[in-house]
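Protein sequence lines, in the order shown, are assigned to chains A and B.
Residue numbers for the first sequence follow the working numbering, so the first one is 1 and each next one is one higher.
Residue numbers for the second sequence follow the working numbering, so the first one is 298 and each next one is one higher.
Facing chain B, a subset of chain A residues (Cβ under 10 Å, in silico): (1) 78; (2) 113; (3) 216; (4) 217.
Output of the computed footprint for chain A on chain B, the stretches with three or more beta carbons under 8 Å from beta carbons of chain A: (5) 489–499; (6) 605–614.
The set of hints was computed from the structure by calculation and includes no laboratory data.
Note that CB positions come from ideal geometry on N, CA and C, so glycine has one too.
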Amino acid sequence: MQPSLPRPQLLTPWIAVCAALAAPGAVGALVAQEAPEPRVVALGGSITETVFALGAEGLLVGVDQSSVFPEAARALPDVGYFRTLGAEGVLSLRPDLVLALEGSGPPAVLDQLRSAGVDVVTVPADEHPRAAIDKVRRVAAALGRAAEGEELAARIAVDLDRLAARDAEVGGGPRALFVWGRGGATLQVSGRGTAADAMLRLVGAVNAVDGFEGYKPLTPEAVVAARPDVLVVDAELLERLGGVEGLAADPALGATPAVRNGRVVPVEILGFIGFGPRTAETALRLRSALHDPRPSP
Amino acid sequence: MKAVLPVLGAALVAVCLVSLGTGAVPIPPGRIVAILADRIGLDGVGAFEPYEAVTLTLVRAPRVVLGVLVGAALGVAGAALQGLFRNPLADPGLIGVSSGAALAALGVTLAGAGTLVGLAGPAALALGAFAGGLAAVVVVYRIATVDGETSMATMLLAGIAVNAVAAAATGLFVFGSDDQELRDFLFWTLGGLGGVTWPSIAAGAPLLLLGVVPAFFLARPLNALLLGSAEARHLGVDVDGVKRAVVTISAVTVGTAVALAGIIGFVGLVTPHVVRMVAGPDHRIVLPGAALLGAVLLVAADLASRTVVAPAELPVGVVTALVGGPFFLWLVVRDRRRGRLAGASSS
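Next comes chain A alone, as it looks inside the complex (with noise of 0.2 Å):
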């Protein structure tokens, strides 16, 4: 390669001859010529989290409000919720690179940033807890750390390989379900076809609402004859309805078998859900509570 060596000696002074002409920000310009780190606004927390997770947060000027884990993303600048963006606001940070979960939009804000020069990566938000490697790959190979990408995405693989296998050796499971939100006496559960059933899947649960697709509000009849061996609970939500003890006195849910010998697991949503790089911890913390009959103390 040695004939194409001179070229860079002889366009460092050009450039920074042009740099000092085009503007009073010269000294800037050249060093943003030199260290090309890019800004980086990640949209979507399972997103935001794998950024972390690859060690490149330094790199983050601004997330999305689903970005709530690690708590070091609550402090960054809040673009918005990721589905409802404003074209404006993600240009005031000044972004080259945006990390966007499929979803991401509306697509015609994303077209405005994308005509702004801003380089618009988009990565698919599969629901099943395998998407969580491709997830961290493509999020590496945007992120110019594919060798870090290719290490936490063989640790996942191999964790899910661990569950997958255990699985084999144990069969039918307990029957659990996941409560993320409650009105009144109604409780918000996931049928078929969502993350949550998949992730419950995962683990060698049985869903026990299976009568339908999607998440949908459960009268408390239903929650008594759907008579779950474990609650998987959202954490906050837990703890708003005030713990276990807060769930017993529910005259619904205290009646299933569940509450009645305590099983019930609490799960950082985000982490349950997600499908990035703790999908598998947490997947194989939550199998060793489901599978345990006792409650832990």
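Start from chain A and add chain B according to the hints.
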């Protein structure tokens, strides 16, 4: 009080300039001039960054233009409906035009308008919203009008019923929808000017103008209608023709406005009131005045919605309702003290 129109015109120019110059991305006035000069082919006026140019010409400018168009459309629709019904509560939102339009637009969206190519999507949406708005206003008007006289109480009750049915149908959609669709509902019910592009404005603007411009020719007949249907007929006004025109105009303007920007409450209700309070009930002033004031209000509300929580945004309907709701309450309380409801019928 003819001075009210020039004053409103000047206010509109001012609020548009402020809105163009303000936002999450700071663009100094000198650079705005440079960008605009560059767009019309003048080089060397000044330096600017490419992202500043995009922000101004592809993000902010379409919002301002849409704010002007939609605000004017809602103001005119409100003024024309209040004139036709001869009562001050005839707001497109209160009598169900907006929710009918939004429900139809929602139906079109769920039926897959998003997959249509190019302008077909926005056009299908606008047509659907127009049909929904028209259906709602026809139902309400038919129910409330007996022998050419429109009962205010019946009209409001019918409007409440239409709104309730639309809300129930929306709730039914919500029951069976995912996160993305839920966010779409938020747009339809609280409105927003974000994400608008020049092509979607190009699709909607002709329809909006088709509704707004003919409305100005209805000023004299609407003035005659202030005296009552029978009196207007004696004055040689084609009362039924005027009614059909107003109903069609409000459905076209509100339907298209909803298709482009969702439901934006209170602009159509409040603007004709304010103009009447200042300039009296003459529709030659009220119609264009409500159009100008509606544009001013919506551009200002959008400015607030995109700067207050920057870099995030508030739905613009939240801002207009926060300002319009208390104002309307004040109006009601003031008129209760006077023992009457102010508006077209009282003058």
